[in-house]
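J.: Dock chain H against the given chain W, drawing on the hints supplied.
Listed in order, the protein sequences are those of chains W and H.
With our numbering applied, the first sequence covers 1 to 301.
With our numbering applied, the second sequence covers 1001 to 1321.
The reader is advised that the hints may include incorrect statements.
Said to hold, decoys possible - Part of the chain H face toward chain W, derived, beta carbon under 7 Å: (1) Pro1044; (2) Met1110; (3) Pro1142; (4) Ala1278.
Said to hold, decoys possible - Counterexamples of contact, computed for chain H against chain W with all Cβ distances above 10 Å: (5) Leu1053; (6) Thr1077; (7) Gly1078; (8) Val1099; (9) Pro1107; (10) Phe1168; (11) Ile1199; (12) Ile1218; (13) Gly1220; (14) Ala1221; (15) Gln1258; (16) Pro1270; (17) Ser1284; (18) Phe1288; (19) Phe1312.
Please keep in mind that the hints were generated in silico from the structure rather than gathered at the bench.
For every residue, glycine included, the Cβ atom is placed at its ideal position computed from N, Cα and C.
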Amino acid sequence: MTTANVSIAAKPIDRRRARGKGHLAPHLFLGFLVCYFLVPLWWLIVASTKDVTGLFAGAHGTLWFDKTFALFSNLKTLFVYNDGIYVRWMANSFLYAVVGGLGATTVAVLAGYGFAKFRFAGRSLMLWLLLGSVMVPLTALVIPTFILFANMNLTDTVWAVILPSLLNPFGVYLMNVYAADAVPDELLDAARVDGAGEVRTFLGVALPLLRPAVVTVLLLSIVGTWNNYFLPLAMLSNTKLFPITVGIGLWQGQAMSNNSGGENLWGLIITGSLISIVPLVIAFLSLQKYWQGGLSVGALK
Amino acid sequence: MALARAVDTPQQGPGSTRDSGRRRRGHGLNERKRARTGLLFVTPFALVFVAFLLLPLAYALYLSLYSQGLATGLSFTGIGNYVTAFTDPSFLRGVGFVVVFALVLIPVQMFVSLALALVLDAVATRFSRFARLMIFMPYAIPVVIGALMWGFLYSPTFGPLQQIFGLFGADAPFLLSPGNVFGGLMNVVTWQWAGYYMIIIFAALQGIDSSVYEAARIDGANAWQIALRIKVPMVASSLSLILVFALIGTLQFFSEPQILRLMSNGTITPDFTPNLYAFSQAFSYANFNYASAISFSLGIVVFIAVYVFLFFTRKRGGSFQ
Chain W
1 MTTANVSIAA KPIDRRRARG KGHLAPHLFL GFLVCYFLVP LWWLIVASTK
51 DVTGLFAGAH GTLWFDKTFA LFSNLKTLFV YNDGIYVRWM ANSFLYAVVG
101 GLGATTVAVL AGYGFAKFRF AGRSLMLWLL LGSVMVPLTA LVIPTFILFA
151 NMNLTDTVWA VILPSLLNPF GVYLMNVYAA DAVPDELLDA ARVDGAGEVR
201 TFLGVALPLL RPAVVTVLLL SIVGTWNNYF LPLAMLSNTK LFPITVGIGL
251 WQGQAMSNNS GGENLWGLII TGSLISIVPL VIAFLSLQKY WQGGLSVGAL
301 K
Chain H
1001 MALARAVDTP QQGPGSTRDS GRRRRGHGLN ERKRARTGLL FVTPFALVFV
1051 AFLLLPLAYA LYLSLYSQGL ATGLSFTGIG NYVTAFTDPS FLRGVGFVVV
1101 FALVLIPVQM FVSLALALVL DAVATRFSRF ARLMIFMPYA IPVVIGALMW
1151 GFLYSPTFGP LQQIFGLFGA DAPFLLSPGN VFGGLMNVVT WQWAGYYMII
1201 IFAALQGIDS SVYEAARIDG ANAWQIALRI KVPMVASSLS LILVFALIGT
1251 LQFFSEPQIL RLMSNGTITP DFTPNLYAFS QAFSYANFNY ASAISFSLGI
1301 VVFIAVYVFL FFTRKRGGSF Q
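Bound conformation, chain W alone (with noise of 0.2 Å):
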C-alpha cells in the first residue's frame, strides 16, 4: 500500500486522467456492491433506534429513522431485561471467545511448528491425519461429542464448549505450511549451537518470525468460536451459559412462539444483534493490517 501511494504521488497527472476516464464504471459497480452489503447493517442501525410502533409501523419506513428516537431506551431495556442476561451472554462469548482463540492458536503453533521443523517417528502419518481432518464437517462431530460429554456429566459447562474449541486442524495445516518457509533451519542451528535449549529456541527465534501466522490463526479461531452456534446450542440448556449467537436465537424462539409478549422481545433482538456485532467490526476495523496480509498465508503456498 505505501508503494503505491509513493508511485500515484509522482504521477498525479496519470492518476487524474485514469480516474476519469476508465474508472467511472468499476467505480459504478463497486458503490453498488458496497450499498448491498451494508443494507442489512443499515436496517439494523436504524431498526434499533425505534420503538414497537415504530418498528411496525414507521414514518418514514423501514430503512429511515423514525420520528421518535429510542436508541437510548431500546440499550436501557436491553441491558436490565431478565437481571441483565445479554450482559452476561457477551461476557460468556468473550469467555469462550478468548480462552478458545488463544488455546487452540498454541496448540496450533506448537504443533504447525513441530511439523515443519523436526522429523520424527509418524510425522509424515500425521501430516496425512491432518490433512484428511481438514475435510471433515466439523458439525459432524457435535452430535457424537454431546453424547460422549454428556456420559462424563460435561455438558452445561463452559468446558463442554471451549474444549472442542481447541481443534482447529487448518490452524495447525497453516502454521506448518508458514513455519516451514518462514523459519531458516540455519538459524535454529545458530542457537542450538549458541546453547540455547529448545524452548528457547522456539520462543526466542522461531516465534517472532511466525508473528504474522500467529495473528491470523489467532484471529480466526476467535473468530470461529464466536460464531460459533451449533456447538453451545446442542451442549448448552443452563441460559446463564450461553454464548451471545445462542441467546440471540432463544429470544428469536420466544418471539416467534408468543406473540403477546413478542413485540416487546423484537426490539431486544434487533438492539442485542446491533451490539453483538460492535466488538468484532471494531476488532476487525483496528487490526486490518494484520489480517489482510494474514489472509493469504495458506493460499500463497
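T.: Coordinates of chain H only, in the frame set by chain W:
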C-alpha cells in the same frame, strides 16, 4: 493443489534430505533427541485431535451400529441405521438439497468474489480501499445475526420489500416461501462469505509481481486479457482453496436454516438439511443412535466429495498445482 502440497513436499528442497542423512551419521544421539522434541511440540495437538476428532468419530460409528428399541432396549443392528438413513426420504431430500445448493451457490459465490477481487486489484483509490473493508465486513458478523438480519429484511412486517414493491403497485414476494427459499438462502450465504473469499483472492493478486503485467502490456495485452489470462490462472490455488472451504461449509449447512426456520412459515422443515435433521433426531426425539448414523454418513459424504475434488484437480495438473 495447495492442501496436498504440505505432505508432498514436507522439506524445503531436495538438499534437505541429504542434509538430514548426514546429520544422522554424524550426531545420532542429537538426532534422536531432536525427534523427541518434535514429538513433544506436536503432542498437545495430537491429544486434542484424538479426544475431539478421532474419538467422537469412532464413537459415532459405534453408536450408529446400535438401535434403541422401546421394548427391547439397546440392541446391535449393524448397518441397520444406515439402511434406514439411505432409504429415509427426509435424509435423502436433505442431502439432495445441500448438494444442489452447493452446485449452484459455489460458482455464483466464486464468480462474485473473483470479480470483486479483480476490480479492487485494478482500481487502487481511496474509495476502493473503503469498499474492500465494507464488503469484507459481513465476515465479522456471526452467521446467526446475519441470517436474522436478512430474515427481518425478507419479513413482510419489518422489511422494506413490501414498501419498494408497493411503489410499483405490486405485492412483494416472500423470499422464504417454498418457491423462493433457495434464492433467499443463497443470498444470505453469498452476503456472508463473498467478502472473505474476495480478501483471500485479493491478497493472492497483490502478491503477484507486477513486472508480469508490464511484459504482457508490451506484448499488446489489454486490461481484460491481463485479468483473464494472467491474473486468474495465477490465483488458481487460492480459488481451489476457497472451493474446498465453500464445499465443506455448504454441505454442513445448519445455522442459517435453523435461524430462518421460524420465520419461514413452515417452508424450512426440521429435515431441510442433513445437519438439521440429525439435530432434530437427537434433541427432539432423543434418537441418538440414528442421529449418530446421520452425522457419520454426512461426515463420510463430505470427506469423499472433497477428496474426489482434490483428486481430480490434481490430476488435471497445470493450473491447480
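J.: Look at each hint and say if it fits the structure.
T.: Each hint tested on the structure:
For Pro1044(H), the interface hint holds, the least distance from its beta-carbon to any beta-carbon of chain W being 5 Å, beneath 7 Å. Annotation: Met1110(H) was flagged as interfacial toward chain W, and the flag is violated, the nearest CB pair being 13 Å apart, outside 7 Å. A hinted interface residue such as Pro1142(H) counts as satisfied when its beta carbon comes closer than 7 Å to some beta carbon of chain W; here the least separation is about 4 Å, so the hint holds. The interface hint given for Ala1278(H) is met, as the beta carbon of that residue sits about 6 Å from the closest beta carbon of chain W, less than 7 Å.
Non-interface status of Leu1053(H) relative to chain W is broken: a Cβ of that chain comes within 10 Å, the nearest being about 6 Å off. Interface exclusion of Thr1077(H) from chain W stands, the closest Cβ pair being 17 Å apart, more than 10 Å. Separation of Gly1078(H) from chain W is adequate, the least Cβ-Cβ distance of about 18 Å exceeding the 10 Å criterion. Every CB of chain W is more than 10 Å from the CB of Val1099(H) (nearest about 14 Å), matching its label as outside the interface.
Annotated as non-interface, Pro1107(H) keeps its C-beta farther than 10 Å from every C-beta of chain W; the closest such distance is 18 Å. Consistency note on Phe1168(H): stated as away from chain W, and its beta-carbon is indeed over 10 Å from all of that chain's, at 15 Å minimum. Not every CB of chain W is more than 10 Å from the CB of Ile1199(H) (nearest about 5 Å), against its label as outside the interface. Interface exclusion of Ile1218(H) from chain W stands, the closest Cβ pair being 18 Å apart, more than 10 Å.
Every beta carbon of chain W lies more than 10 Å from that of Gly1220(H), the smallest distance being close to 18 Å; the non-interface claim holds. The non-interface label for Ala1221(H) is consistent with chain W: the shortest C-beta to C-beta separation is roughly 16 Å, beyond 10 Å. Gln1258(H), annotated as away from the interface, has a beta carbon of chain W within 10 Å; the closest lies near 8 Å. With 10 Å as the threshold on Cβ separation, the claim that Pro1270(H) sits away from chain W holds: the shortest Cβ distance comes to roughly 13 Å.
Annotated as non-interface, Ser1284(H) keeps its C-beta farther than 10 Å from every C-beta of chain W; the closest such distance is 12 Å. Taking the minimum C-beta to C-beta distance to chain W, about 6 Å, the non-interface status of Phe1288(H) is violated against the 10 Å cut. Annotated as non-interface, Phe1312(H) keeps its C-beta farther than 10 Å from every C-beta of chain W; the closest such distance is 14 Å.
Comparing the model with each numbered hint stated earlier shows that hints 2, 5, 11, 15, 18 do not hold.
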